Amino acid sequence: MENIELTSTYSLKGIIKEIFKYKTAKFSLLIFILLIAISIFAYTTMPYDEAKKMWNDSQAWLKNPRNAIPVWWGVFTGKKLPQNIDLKNPEIKVLSESPEVINYSYNFTFNYDDFPTEFNIFLKSAFKEQPPIIKIYWEKPNGDKIFLTEKQVRSENDTFYIGNEFTIEDKLTDYLTSKLGYYPSYPLTVMRGLFVDTSGNLNIEKGNYKLHLEVNKFNKEDTIEIEPIIYGKVYGIAGTDHLRRPLELGILWGTPVDLAFGLGASIIITFLYLILATISGWYGGKIDNIIQRLTEIYMLLPFLPLMIMISLFYKLNIWKLLIVLILLSLFGPGIKTQRAMVLQVKTLPYIEAAKTYGASNMRIVFLYIIPKILPPVIPGLIISIPSYVFLESTLSLFGVLDPTEPTLGRIIQDAFQNGALYKGFYYWVIEPSLVIVLMAISFALLGFVLDRIVNPKLKEI
Amino acid sequence: MNNNETLLKVEDLKVWFEIRKSVVSQPMYVKAVDGISFDLKKGESISLVGESGSGKTTLGRTLLRLYKATGGKIFFEEQDITNLDSTDLKWYRKETGFVQQDPFGALPSHFTIYRTLEEPLIINKIGTPEERKNLIFNALEEVKLTPVIDFIQKYPHMLSGGQMQRVVIARALIMRPKLVIADEPVSMLDASVRIEILELLKELQERHQMSLIYITHDLATVRAFSNWIFIMYAGNLVEKAQTKELLQNPLHPYTKALLSAIPDPDPENRKKLRDIPPGEPPNLVELPQGCRFHPRCANVMDICKKEEPKDIEVKNNHWVKCWLFQEG
Amino acid sequence: METLLKLNKFTISYKTQKGTLEAATDVSFELKEGETLAVVGESGCGKSSLAKGIMRLFPRNIEKVLGEIYVDGEEVLSIKEDEFRKKIRWSKISMVFQGAMNSLNPVLKVVYQVAEPLIVHLNMDKTSAYNRAKEILNLVGISESFAERYPFELSGGMKQRVIIAMALITNPKIVILDEPTSALDVITQANIMNLLKILKKELNLSYIFITHDIATTSELADKIAVMYAGELVEISPAEIFYTNPAHGYTMMLLDSVPTLKTDKKLKSIPGSPPSLISPPQGCRFHPRCQYVMDICKEKEPPIFQKGENHYAKCYLGESHE
Chain A
359 MENIELTSTY SLKGIIKEIF KYKTAKFSLL IFILLIAISI FAYTTMPYDE AKKMWNDSQA
419 WLKNPRNAIP VWWGVFTGKK LPQNIDLKNP EIKVLSESPE VINYSYNFTF NYDDFPTEFN
479 IFLKSAFKEQ PPIIKIYWEK PNGDKIFLTE KQVRSENDTF YIGNEFTIED KLTDYLTSKL
539 GYYPSYPLTV MRGLFVDTSG NLNIEKGNYK LHLEVNKFNK EDTIEIEPII YGKVYGIAGT
599 DHLRRPLELG ILWGTPVDLA FGLGASIIIT FLYLILATIS GWYGGKIDNI IQRLTEIYML
659 LPFLPLMIMI SLFYKLNIWK LLIVLILLSL FGPGIKTQRA MVLQVKTLPY IEAAKTYGAS
719 NMRIVFLYII PKILPPVIPG LIISIPSYVF LESTLSLFGV LDPTEPTLGR IIQDAFQNGA
779 LYKGFYYWVI EPSLVIVLMA ISFALLGFVL DRIVNPKLKE I
Chain B
978 MNNNETLLKV EDLKVWFEIR KSVVSQPMYV KAVDGISFDL KKGESISLVG ESGSGKTTLG
1038 RTLLRLYKAT GGKIFFEEQD ITNLDSTDLK WYRKETGFVQ QDPFGALPSH FTIYRTLEEP
1098 LIINKIGTPE ERKNLIFNAL EEVKLTPVID FIQKYPHMLS GGQMQRVVIA RALIMRPKLV
1158 IADEPVSMLD ASVRIEILEL LKELQERHQM SLIYITHDLA TVRAFSNWIF IMYAGNLVEK
1218 AQTKELLQNP LHPYTKALLS AIPDPDPENR KKLRDIPPGE PPNLVELPQG CRFHPRCANV
1278 MDICKKEEPK DIEVKNNHWV KCWLFQEG
Chain C
2 METLLKLNKF TISYKTQKGT LEAATDVSFE LKEGETLAVV GESGCGKSSL AKGIMRLFPR
62 NIEKVLGEIY VDGEEVLSIK EDEFRKKIRW SKISMVFQGA MNSLNPVLKV VYQVAEPLIV
122 HLNMDKTSAY NRAKEILNLV GISESFAERY PFELSGGMKQ RVIIAMALIT NPKIVILDEP
182 TSALDVITQA NIMNLLKILK KELNLSYIFI THDIATTSEL ADKIAVMYAG ELVEISPAEI
242 FYTNPAHGYT MMLLDSVPTL KTDKKLKSIP GSPPSLISPP QGCRFHPRCQ YVMDICKEKE
302 PPIFQKGENH YAKCYLGESH E
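Protein chains in written order, with our numbering: chain A, 359 to 819; chain B, 978 to 1305; chain C, 2 to 322.
To be clear, the hints were calculated from the coordinates, so they are not data collected in a lab. Here the structure is a predicted model, which is why all the values come from computation and not from measurement. Idealized CB from N, CA, C, for every residue including glycine. There may be inaccurate statements among the hints.
[Said to hold, decoys possible] Only pairs whose alpha carbons sit at most 20 angstroms apart, straight line, appear in this in silico DMTMM-like list of lysine to aspartate or glutamate:
no., chain 1, residue 1, chain 2, residue 2
1, C, K201, C, D73
2, B, K1287, B, D1016
3, B, K1045, A, E710
4, C, K266, B, D1062
5, C, K198, B, D1252
6, A, K713, B, E1119
7, B, K1045, B, E1072
8, C, K265, B, D1252
9, C, K10, C, D83
[Claimed, not checked] For the chain B half of the interface with chain A, some residues (derived, Cβ under 8 angstroms), not all of them:
no., residue
10, K1067
11, D1079
12, A1083
13, P1085
14, H1087
[To be verified] Beta-carbon label-pair distances, calculated as ranges:
no., chain 1, residue 1, chain 2, residue 2, range
15, B, V1000, A, K704, 38 to 48 angstroms
16, B, V1000, C, K262, 50 to 60 angstroms
17, C, E319, A, T382, 51 to 61 angstroms
If we strip away everything but chain A, and leave its shape as in the complex, we get (with noise of 0.2 angstroms):
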């Protein structure tokens, strides 16, 4: 009998109204508005089947470092560790006609406080009888120049893998012994002998470097692209994986796929519930015995061993597995809850006065009665989002899903794969287990907002 005007939390202007008053709300709205912003980023700029071919296609990384950590995580260990330096832009000097040699010279600063990881030549040639013949040169800061190999070009697409030659790793020691006086006291690697100083220590040597490549053509028309890549020890937002991925593009195409995956999952069984239990409610009798018994069966079995084996009977992608899901939540708990519901709408007296003038059954189950168990159903479905989330990323890590699709699941399967953790590359796993994460926190902290709004209005039902 009360005259007061009630908040209409009824409509979803309302309920946004509400969903503003409280603090943890606008966190969890800000981080969805934030990854809904990135899935469609991630989709309007590379659609899903070119992702995942990119993603599969170890050719299309090999100028990455592998398992570089982060930029900004290099910031925490103190040193200024390296990047990637693509060498570009040589000064090129004819040496002589006939035969034709030309020197590409490469000029770089080095200032970093770690040594790089690997240093490839990328070379693109195309020639008549004979490859060209390349002899490298290597200048330190303090101006001498050491010759390090002489290598002849196998293929029309080839690579010099600088970083693994023995012979270059003995000029190296060769020059620095030369310096020191002695034999260093540390292991000498390539990388190491490129960049350290000659104090002894294990020391980089900063300043000017530059990189000669003397390129011998066996005929004039032969031509040569050549990309030196000296590969540092970060990468990226995100760092790189095993296969020089960059982390950021793996999470920024798996996000989407996950959070695709979890509301899909979450809306169709939560409507699948909707219907099941509000016609159980309703027409009561043999069909609603039928639903019920049906639903105790399927909450007796045991939802993760079965997933587990038709997912090892059966080759299961992203898609697959939402249809096997949906399949195997049929039947669920919230069938049980959402019926109890229907139970008590179905006394209101608004259903009554439906009968009388003539609304038939469907109509009052689907108009009448859904909507109105719909809000307090709602806070359960977002919440129940990261579950689902969860439930893919831990099918991942059995090994048991598609292992060519990029999603956050995927990765960390890589990761442990690669003894991430026992390699320290912390990084690797953080990162899409803490994107994971702050889906769920979000949606779970939504969910428990929801709940509290519309809790309330669950006993005026």
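Using the hints, position chains B and C against chain A.
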């Protein structure tokens, strides 16, 4: 004015609900409506008065065919509707309207007022969307919810109790039914609002020549309202008479008790006790033998304890179910 | 006759999401020994808040409590909660809550529930407490066999009698009854009213009887107070209340309620009660009053004395400056 045609004819209507204490025990019956007969003419109104547990709510709902009768017959415009199933009752839904007690629960909270009023029209395929709009606007004007534009987009919880009840009435009347059943339409409203809702109902009933069954426990509200008063007790109609007649000459002891139990605001009331029968209405599962009121009746006779009295027309249009008025 | 209860400018305000809500504003009245005061008002007028406030039962979002309450001459709003509980609540003043009959503990026998205050509050032993409980139950018309039953086995009227017994068990002087009969049938209501009349005489009780039903006030009340939007707008002896109301609201209320015997032209009150967070300026009832005058819209009316023991907050019939 009033057509002499009979709209509704009820013959010995029984509505019993089965209850079982356990799967194996004998079934028992809650005899909510146990042998009710009456006629209702077109355009007439009846106030059905009874306390809770008298079965009046069940009677109302059975007449609307929300429940199915266990025995007896209901004739609407000479058609037997007692046992029709839902597909055959579609036409009946258009001819009846229901005004419920609880305005807060009677309107779906997720429909706007416009949508709520449109539902009966959509279901029964009445009119084009344009025509429906006109019907809805008219309906809201009739119940004096103006300006209509203000109300159509609102949701029920934005309205006061009285306003909500007007919408309920509008919805009940929108298909111009011939019979309207109002079950305690004002008991959940504030005292100061009741009279205007009742007057509205009466005005609309007279204007559209509808028959009305007004179910209530509050005798004070029936005075200016209806042609007939029926008194219901424990599943039976114990007295039927025209309004003025019943209020001036109540015959059945229960009717007299009801009338004396209702206070008028008289400061002398506090100085004396009211003369009312003790006890409470019987349990509808275990009804007393004979006349159902006999355990509480001051004028009880031997025959009252053994045999149920029959309906007697004591005066013109004044029936009582009481041995005090039987001959012999 | 001594004054048992005196309220002086009693004000209760709550904190709500939309602002401060004043449920009761400057309520003042007196209750003498053996007297019954009826408090009449519609939903949302603050009468239940007032009743609970007299028992110092405030909700969690209570903000301010102003004014004084004197019980037997002693001021009780300022004393400690413990003291109030021992001396006043359920010893001098007890209460029958609205809808209490539906909140009886379903798993405890009726006699235990009535005896509980004695066992817990007064440290009586079980046997004496039970005996006393059965005595009181008998007094209200519940026989011994029904005393040993559970609430679900009792009818509505009987449950209400149990609630009344619970309120009487500690021999209070004042009983506050909040809508004691609104959920009951007409005849059962009359029976309960009869019971209350008998108890009043036998136990020399004073009642504060809260209801929205003006007609039933005449069954018990010696004095009637009308509440509107948190204010006590009129208080008047029963003899003249129904025939000589002084406040616009009282007049319109009496004109809107149908009665069985008296014939009169009925008119409902338009509009709805105002918000207690931001009540209208001037007289709170003026937007709905058919007798409204200019001054009503500007200045809040003071309490005028309209006759012996008859007061109203209304400019009608007053010459004003």
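Give me the numbers of the hints this structure contradicts, sorted from smallest to largest. Those not satisfied are hints 4, 6, 8, 9, 15.
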